[in-house]
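Enquirer: Please construct the entire structure, taking both the sequences and the accompanying hints into account.
Number of protein chains: 2
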Amino acid sequence: MQIQNIDVSSYPNSKKIYVDGKLHPIKVAMRRISQYPTVKIVDGKRIETPNEPVTVYDTSGVYTDPAVKINVNEGIPRLREQWIEQRGDTEVLPEITSEYGRQRLEDSSLDAIRFPKRHAPRRAKEGVRCTQMDYARAGVITAEMEYVAIRENLDNAERGIPSHITPEFVRQEVAAGRAVIPANPNHPEAEPMIIGKGFAVKLNTNIGNSALSSGIEEEVAKAVWSCYWGGDTLMDLSTGDNIHATREWIIRNCPVPVGTVPIYQALEKVHGNVDKLTWEIYRDTLIEQAEQGVDYFTIHAGALRKHAELISKRLTGCVSRGGSIMVQWAVNHGQESFLYEHFDEICEILARYDVAISLGDGMRPGSTNDANDEAQFLELDVLGELTERAWAHGVQVLIEGPGHVPMQKIKENMERQERVCHQAPFYTLGPITTDIAPGYDHITSAIGAAIIGRLGTAMICYVTPKEHLSLPTLEDVREGVIAYKIAAHAADLAKGHPGAEVRDYALSKARYEFRWKDQFNLSLDPEKARRYYMESRVNDTETDQKFCTMCGPNFCAMRISQNTADRCDKSMD
Amino acid sequence: MQIQNIDVSSYPNSKKIYVDGKLHPIKVAMRRISQYPTVKIVDGKRIETPNEPVTVYDTSGVYTDPAVKINVNEGIPRLREQWIEQRGDTEVLPEITSEYGRQRLEDSSLDAIRFPKRHAPRRAKEGVRCTQMDYARAGVITAEMEYVAIRENLDNAERGIPSHITPEFVRQEVAAGRAVIPANPNHPEAEPMIIGKGFAVKLNTNIGNSALSSGIEEEVAKAVWSCYWGGDTLMDLSTGDNIHATREWIIRNCPVPVGTVPIYQALEKVHGNVDKLTWEIYRDTLIEQAEQGVDYFTIHAGALRKHAELISKRLTGCVSRGGSIMVQWAVNHGQESFLYEHFDEICEILARYDVAISLGDGMRPGSTNDANDEAQFLELDVLGELTERAWAHGVQVLIEGPGHVPMQKIKENMERQERVCHQAPFYTLGPITTDIAPGYDHITSAIGAAIIGRLGTAMICYVTPKEHLSLPTLEDVREGVIAYKIAAHAADLAKGHPGAEVRDYALSKARYEFRWKDQFNLSLDPEKARRYYMESRVNDTETDQKFCTMCGPNFCAMRISQNTADRCDKSMD
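Residue numbers (this note's numbering), protein chains in the order written: chain D, 26 to 598; chain A, 26 to 598.
Do not take every clue at face value.
One copy or any two copies: either way a pair holds, since identical chains are not told apart in the list.
[What the hints assert, rightly or not] DSSO-like cross-link-like pairs, simulated, lysine-lysine; straight-line CA separation at most 30 Å: (1) Lys-520 <-> Lys-434; (2) Lys-553 <-> Lys-520; (3) Lys-65 <-> Lys-331; (4) Lys-65 <-> Lys-338; (5) Lys-301 <-> Lys-65; (6) Lys-434 <-> Lys-553; (7) Lys-294 <-> Lys-331; (8) Lys-520 <-> Lys-338; (9) Lys-542 <-> Lys-338; (10) Lys-222 <-> Lys-436.
By construction, these hints were calculated from the structure, which means they are not laboratory data.
Expert: If you want it as structure tokens, here you go:
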């Protein structure tokens with residue numbers, strides 16, 4: 026299989042750099058963007074002043090390292106395999122332990138779509154606690170913890186930017202449940218990253234086919250594409266055929282943690298008939314996916330039977346697939362949700378694979394009208410209770426949040442979540458701040474995401490322009506990721522994340538000095554910035570002119586301002 | 026001349042309605058979107074429940090009224106001509122009084138590009154005060170004031186939505202300087218609108234050619250296009266050839282107030298040589314443009330000689346064209362800015378044409394690094410002083426604001442502006458909340474615009490995806506306008522603007538009931554929403570299916586949720 030139609034070979038003037046760990050033999054990947062010098066002509070002489078390179082957080086993995094040869098049929102290098110092996114806390118299982126996984130393996134009709142390479146699954150040894158939270162509580166700084174500490178700081182130390190984010194700080198945050206490092210030992214391809222209020226705001230992207238569209242190749246391409254543009258984690262929300270095989274291809278080629286919503290696949294297994302769902306089928310699905318390497322599961326264990334009545338009072342009912350499935354199941358069976366009833370058993374399974382739990386907000390509002398209502402906050406209280414139960418098992422916890430929330434109601438969401446969920450990291454979908462712009466919901470929601478990110482939300486789940494209308498194309502994934510990189514970075518600036526302003530400063534300096542190429546290269550989307558600029562310059566191959574088509578040569582404020590400044594400088598000599 | 030390549034004929038399922046005034050014989054235009062009924066099948070019987078139409082604020086003027094035949098060579102109907110005539114406060118001048126205007130008129134080489142119809146200019150009679158502010162202070166509710174009061178409320182009264190926005194409230198706000206109705210008697214084609222904290226947040230769009238690109242036809246098309254998508258006012262920032270003629274075409278065909286920055290044209294008159302600018306040339310330009318019908322002028326009278334030194338300390342100097350021109354002029358001449366020195370004379374001229382003044386922020390930060398610095402706030406203090414001077418002449422005042430401001434520094438901008446500028450309406454460009462996303466600055470800035478709109482900014486100036494890179498195309502204008510409609514509406518919801526939530530409610534209800542066509546028709550961009558939906562449904566002509574390609578038929582949360590709700594309803598029977 027080839028990755029179709031996408032170019033993720035490199036960013037212009039960037040190179041991959043690797044920073045060594047001090048506690049562990051690790052190499053932390055980041056991207057360094059070199060710059061052209063500042064040129065001034067003084068008394069007819071050309072004076073060049075060099076500009077420091079700018080190092081940026083890099084989610085693109087080995088795809089942008091020319092030293093690594095990519096073969097999608099092999100999967101990417103298994104970065105963490107040795108670390109995990111050396112910890113000695115897991116055992117390699119002789120075979121897949123989920124029933125469904127075994128069935129698929131034995132079905133030779135699936136050979137054509139199967140990922141060609143097999144890796145035996147790992148699981149915590151009997152009685153051994155192996156999650157990042159367990160280690161953190163035990164006072165151990167894992168390789169993953171040191172990795173994320175270095176990653177968050179980039180080359181700040183070199184630049185003299187102070188930072189409170191040390192490996193020990195990471196350990197404390199993970200131990201307290203305020204941060205999560207999703208790190209299933211069965212996904213050693215993923216580069217460690219951290220989700221927590223005390224760190225850079227992260228963004229998740231959703232991909233996945235539905236019964237109506239999208240094949241395996243397309244989904245792998247979307248996954249790589251999403252990482253290239255800046256997605257920090259990736260949820261595979263596939264609901265159509267061949268979920269198992271699609272997921273395997275994605276995980277083996279994915280340099281960021283992968284999340285899923287296991288109830289989707291469980292429902293496929295009973296052919297979409299909610300009433301036929303059982304705990305046993307769901308349980309087998311958890312194991313199946315954990316052994317493939319899923320790093321976090323969205324589990325709607327807070328959507329309860331009593332929510333049915335509250336839903337019926339709403340304008341837009343329940344808009345969470347997982348939530349609506351579980352409430353329907355509970356109502357139809359006259360029983361409480363099996364996710365809630367079996368929650369401790371779920372945690373026992375997750376703990377053995379260090380799969381983090383992302384407690385789903387099945388009752389998130391589907392319209393601004395329903396924001397902050399009884400259904401939503403009642404579920405949030407349940408999530409708070411479940412957080413403590415999961416932590417008791419050493420399972421790392423994220424709390425999912427809305428959804429559709431008008432601006433004036435955003436703050437209450439954050440404050441309430443922190444209070445009732447004991448500061449577990451908040452992970453929100455947007456929120457969308459007005460319902461009237463289908464086709465532009467990456468924008469309606471980037472507004473909400475920036476605001477809630479600033480208030481302390483640790484990860485924001487992207488929304489593409491196709492939200493509410495259809496599945497995103499590659500171009501939509503790019504638009505969604507960039508909109509959310511903007512929201513996350515705006516929030517990082519506002520939070521005072523160490524060194525967040527370095528890139529803004531460098532890009533603005535390049536802009537002011539008419540170093541157009543540097544302006545493009547430092548931007549979130551160099552290709553688009555350059556294309557927009559060049560489109561208006563049809564007769565012109567020279568980029569570094571001292572004006573653009575916006576104002577033309579006579580009206581460039583920055584040029585006039587520089588002339589004035591130069592004159593001021595001289596008059597002060 | 027034809028309006029090229031744009032379709033502004035109608036919105037689907039919409040009709041233009043006109044609401045009668047009570048105090049004045051006026052007809053206030055708005056757009057009413059009809060909806061399909063809600064259909065339920067109960068016991069095999071089809072039950073239809075009608076859905077109320079939704080009325081929305083409409084900036085598109087007669088372009089969307091099929092009863093009006095558009096002829097760009099004629100201009101659109103002169104709505105306010107009779108009102109102005111009847112007030113008897115202005116006189117029709119026998120000829121254009123600006124020297125430059127007369128030269129252009131007499132130059133037969135310009136006949137080919139000249140707008141074919143001539144209207145004699147109007148000016149306040151000697152000694153008569155004719156601005157909306159003068160009338161408001163005198164206790165008079167003008168037709169314009171009643172028009173905007175009705176317009177802000179749409180059909181809220183019919184829907185039982187209370188509103189404090191009465192004609193008398195409008196009068197009080199205008200009298201106090203807290204709101205502005207830009208209404209030059211020489212632009213009677215414009216439908217009255219109001220800019221103030223107590224009203225819906227408005228958005229301005231910028232168009233205009235530079236020396237490098239864009240002709241008259243293209244600019245008129247952009248103007249109409251901008252109004253069609255929702256621009257509340259329009260600034261013509263042309264700096265290339267034929268500014269005078271381009272502006273005439275735009276104004277005669279523009280149903281919203283038009284603003285300009287007269288210094289741009291003044292500079293063209295001296296062939297781009299800042300040092301040759303004089304007060305006399307500038308003064309003549311003010312009169313020339315006022316007699317064409319420009320409704321508000323951006324005047325950078327707060328950019329002073331002493332700013333030069335402050336600019337030179339900044340990362341990105343001065344990024345306002347007008348500001349940089351004036352500071353350069355002042356430094357080079359060793360004199361104070363002639364805009365500041367002649368400010369009272371400027372106001373005398375503006376008062377006679379009821380041209381509002383938009384005090385330009387020549388010192389707005391051009392990078393997040395420079396936000397809220399000494400240069401910016403020193404100028405703001407000057408603008409506060411100038412506000413009171415303009416008000417003394419009865420001239421309506423807007424205060425322009427930044428620019429590039431990180432989220433955590435936005436609030437200070439709003440609070441300080443209100444304090445030092447005596448609550449004159451704030452009119453901000455964005456602000457852009459991070460500098461790292463050229464190509465996406467409609468998004469970086471929609472975040473800032475929504476936040477500052479919520480805090481009380483009265484009008485937000487759009488930014489297109491091409492900002493910092495080149496001039497916008499028609500498609501960019503549309504993207505910019507919609508991004509800002511989103512920001513403005515999100516702010517209106519948060520501010521509790523009367524009835525703002527009606528459209529969100531209706532669209533969400535349509536979404537939940539799978540009335541896809543209504544969902545499209547109620548949206549800000551029906552064409553795009555429909556196109557995105559249909560693109561993924563290649564084999565399918567039926568729109569109103571109970572699912573979309575995002576989740577497919579088995580996984581639609583809203584369908585499952587409805588089934589559950591129906592079941593709950595039944596079990597409660």
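Enquirer: Would you mind marking each hint as holding or not holding in the structure?
Expert: Hints, one by one, checked against the model:
1. Lys-520 <-> Lys-434: For Lys-520 and Lys-434, the Cα distance is within 30 Å both inside one copy (20 Å) and across copies (11 Å).
2. Lys-553 <-> Lys-520: within (28 Å within a copy, 35 Å between copies)
3. Lys-65 <-> Lys-331: between (71 Å within a copy, 25 Å between copies)
4. Lys-65 <-> Lys-338: between (68 Å within a copy, 17 Å between copies)
5. Lys-301 <-> Lys-65: Answer is between; shortest inter-copy Cα gap is 27 Å, intra-copy 74 Å.
6. Lys-434 <-> Lys-553: between (35 Å within a copy, 29 Å between copies)
7. Lys-294 <-> Lys-331: So Lys-294 and Lys-331 pass the 30 Å test inside one copy only (26 Å; across, 74 Å).
8. Lys-520 <-> Lys-338: between (38 Å within a copy, 26 Å between copies)
9. Lys-542 <-> Lys-338: between (55 Å within a copy, 24 Å between copies)
10. Lys-222 <-> Lys-436: both (15 Å within a copy, 22 Å between copies)
Hint violations for this structure: none, all hints satisfied.
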